[in-house]
Amino acid sequence: MFPAELKYTKSHEYVKIEGNTGVFGISQYAVDQVKDIVYIELPKAGTELRAGSPFGSLESVKAVFELMAPLSGKVTAVNEAINASPEAVTKNPYVDGWMVKVELSNPAEADKLMNSADYQKHVETEGHH
Amino acid sequence: MNIPYLPHTDEDIRRMLEVAGVSSLDKLFSDIPDSISYKGRIKLPSKVSEAELRKELSLLSLKNKNADEYVSFLGGGIYDHYIPSVVKHLAGRSEFYTSYTPYQAETSQGLLQIYFEYQTMICELTKMDVSNASMYDGATALAEAALMAYNTNGRKKVLLTGVFSPETIEVVRTYTKNSGITVETVAVVDGVTDLNSLKEKCTEETACVLVQQPNFFGCLEDVFEIEKLTHVCGALFIVSVDPLSLGLVVPPGDYNADIVVGEGQGLGNEMNFGGPLLGFFAAKKEFVRRMPGRIIGETVDKDGKRAFTLTLQTREQHIRREKATSNICSNEALCATSATIYLAWLGREGVREVAKTCASNAHYAAQLITKNPNYKLKFSAPFFKEFVIETNQSTEVINKALLFNKILNLIDLGRYFPDLKDCLLICVTEKRTTQEIEQLAEVLGGVK
Amino acid sequence: MELIFEKTKEGRKAYTLPEPAKCEPGVPDKYLRRNLTNLPEVSELQIVRHYTNLSKRNIGVDGNFYPLGSCTMKYNPKVNEDIAALPGFAKLHPLQKEEDVQGALKVMYELEDMLKEVSGMDAVTLQPAAGAHGEFTGLLIARAYHNSKGRTPTKVVVPDTSHGTNPSSAHIAGYHVVTVKSKDGNMDIEDLKAHLNEDTAVFMITNPNTLGLFEKNIEEIAKLVHDAGALMYMDGANFNAIMGVTRPGDFGVDIMHFNLHKTFATPHGGGGPGSGPVGVKGHLAEFLPVPVVRKKGETYSLDSNLPKSIGKVKAFYGNFSIMLRAYCYLRMIGCEGIRKVSEMAVLNANYMKELLKKHYNLPYDKICKHEFVLSINTFKESGVRALDIAKRLLDYGYHPPTIYFPLIVDEAFMLEPTETEDKETLDLFVETLIRIKQEIQDSPDTVKNAPLNTPVKRLDEVTAARNPVLKYEKKR
Ligand SMILES: Cc1ncc(COP(=O)(O)O)c(C=O)c1O
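Going line by line, the protein sequences match chains A, B and C.
Everything in the first sequence is counted per the working numbering, starting at 55 for the first residue and increasing by one.
Everything in the second sequence is counted per the working numbering, starting at 1151 for the first residue and increasing by one.
Everything in the third sequence is counted per the working numbering, starting at 368 for the first residue and increasing by one.
Note that these hints are calculated values from the structure, not bench results.
Please note that a few of the clues may not be correct.
Listed next, with one range per pair, are the computed distances between beta-carbon atoms [stated by the list, open to error]:
| # | chain 1 | residue 1 | chain 2 | residue 2 | range |
| --- | --- | --- | --- | --- | --- |
| 1 | A | Lys64 | B | Gly1330 | 52 to 60 Å |
| 2 | B | Gly1330 | A | Glu59 | 39 to 47 Å |
| 3 | B | Lys1434 | A | Gln174 | 40 to 48 Å |
| 4 | C | Asn564 | B | Asp1569 | 23 to 31 Å |
Beta carbons: idealized from backbone N, C-alpha and C, even for Gly.
Bound conformation, chain A alone (with noise of 0.2 Å):
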């Protein structure tokens, strides 16, 4: 099951929306897909984030996965515990794990983004194929 006070993207971004901000990371079903997960690479504080469009990075021995924006928004933090650990994410991806936090310019494009049962729904059809 999904945090049900998350929305999520079909990417597997997650984000918590906190009045004007937002804290990005990925769902649970991505850290399983994942596996092992060796390096996260993440923006810097201060950069702008365009919904749907790349922030960052996570890198298994053998593949890279981007992350893609659930909203749009600057960055006002970022998660820098995860890269010496990135064991931290596939641990609890929604509390220890969190990536950026972010200051929504346009909290309104959430509405595009799926809740949990939604969200429940398209990963059983993705892990169809």
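Dock chains B and C with the ligand against the given chain A, drawing on the hints supplied.
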């Protein structure tokens, strides 16, 4: 008819065609439209036997004047250093030279460990944190370093300071111009960087400053000042070095270089008419994920035994494709293997001794040659194993006289630099005996 | 095994050096290195033992069958090594006078001629050091060509089966990369049409493609590409399949690279050096890198006076000693052998394919060229993957095929036997793969835990990438 290296008997061919379900060899190509199949016979020379080939090529090789038979004072990036016999005997083991890139780590521990040792040795010489497992040559390594700087800080100007070989500059230009990068040069006075010009040209738009130490004229650049001027602008400081000089000369890691590259042919590899060569590439740790080329890391196997493997592969083309840090795939691995064995042979003391010997020999040659009033040192900067002499004699006549005395031509700088038309570049390695140096001076002195 | 650094004993030496001239080294104090390096201190015999023992922890073509798809691991003739070691070739400085290196220039000139003849291209440069380097060179030539026509197209189109170097080379040549799909193992012509337009600079094809299949619609493809104003580039990695049978210059290719370290039998060296000459059609010859080798009467020279040249992609003239080996190889097989080489390469591949398809999934069941691709996706129940079979092959003394490439085949397993292998070797290898299939049924864990007989077992690559240890550091 016997075609070498093909093991098939007629009987083999017949049975294999049968299994393949194809009636003739031609039918194996039935998927190639008739309109484009080649009807004639390829016009190559007729095949020769091994004995004939060897004879013909041996004779052909005699049409070249080689550095065993002639004495060489040629340098400019490619050097006639001595190659100890162990290098060829060990690097020539077929488990090494007939293998591919060590993608299957379990049966490639030999090479993986050698490349790991190589990386360590390059880091030892340069005093940098990390090294890759080789590039095509020093020139492309430098070009890739410039691209890496651009990809790191997004700035679009590359500044070449001091003196590079014209070959190298052209390669850097070819590599960078397609990314919208401009390459600028800095004025040179008395054979080295004009620091005022550098100060003027290095700005917030400069991605990196490239310097060669010692430079193409053999002169030592004031890398300490160049470093300051570079980093003040926030540009990356990229140094190209002669690796053997580092036995004696201060390593770039000691003066805060960000990336260090160079030509490693002199480390146990033949000159081979200019190729293959050995590009090396080292950097500060923080840049490791932006580096081009293969990198080997130490790890353990599942029993906890020490083992080596290709690592940080997500940088590379086979994974990241158009977003890779470089397109390099095959590199110059065997040359790196030779370099490793050579450096093990020299060891801690030997690498200093060989550098000192080169420097002593070169300074001796410079003193001796300039005793004759027809020759003087062109530049006043200190040098390592190469130096430029200016002469009032014809360089062409000089080179003819040298050849007559079984000494190969000297590099005529007028060929590249219009204002150095009476100048020659002389390189003296540890291989040159005192007698050979004296003979060079004598022949030069005798030219009228 | 211990590293050479761990065998160090202070004061031990292997080197001998001539006496220096009686003169100070003359490097001022400011420029002197302060501390010695930590290079090893070992004896010559220790070095010999160390690297000999390391060689025993490595395999090459000389000792083991090496059907590594896309890499053409054919036998590397020994005579070529001997000739390349002749002082008259090995001990030449690139800045010697042209008249003193006529033999070397002749080799280059004649090799260019031979490559032109087998490919149907009109001009060749030998400067690039490897395949990827050739791609980069070829794309710069294309750029220079378009610019000379006043055009600045921005895209390079590659098939989804292409090698990683293709898009990567396009990127550093300053192009955007567009990928088109395959259909039934060949180019999807409709998808190609959809992506070709006036903004396309180059279409890069590999023919035969990386599935080992000849692009039978190559003429139509060439026409589409040319009608769009683009050039057709061919990655010649798979040239070993078609020599003497068809020529890229005759099926519409404008630019191609050769891999001397694949097709022309030069050793791979444990990852290099290679050599990646580029051939072009006449309309592109003026853009080749400088210098080019010329011949006048019986005299050879180097010509740098090409105003439209792309410049230089490498110092000097390319990997000469690799060219020399390829030259020797071509002289040995001659006009009589060139087609035979490809015939036998293709025969070996089809023979193995037919034997193996009864036991493994062959997604494209048709005549192949010099290689073919199996899909190891029929063992999902036991969880055995392409990687596992590859590792198990190591236990039987084989270098495994290429795995997980091309990307469009699930669990790809790409076999290229090459023409220098005999039937008995292929038979034994096929038997081994059949035996491994039995093992998967009987004891899948044996396969999943393989290799068991190698110097080390499977490695912890995750830790290697997470916390990279990239050099030896002396323990203090
Ligand atoms: C199809 C193909 N293209 C390009 C390359 C790159 O060639 P190189 O390693 O010589 O740069 C390879 C090498 O494996 C290949 O298989």
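To see whether the hints hold, each was checked on the structure:
| no. | hint | result |
| --- | --- | --- |
| 1 | Lys64/A / Gly1330/B: 52 to 60 Å | 34 Å, violated |
| 2 | Gly1330/B / Glu59/A: 39 to 47 Å | 45 Å, holds |
| 3 | Lys1434/B / Gln174/A: 40 to 48 Å | 46 Å, holds |
| 4 | Asn564/C / Asp1569/B: 23 to 31 Å | 50 Å, violated |
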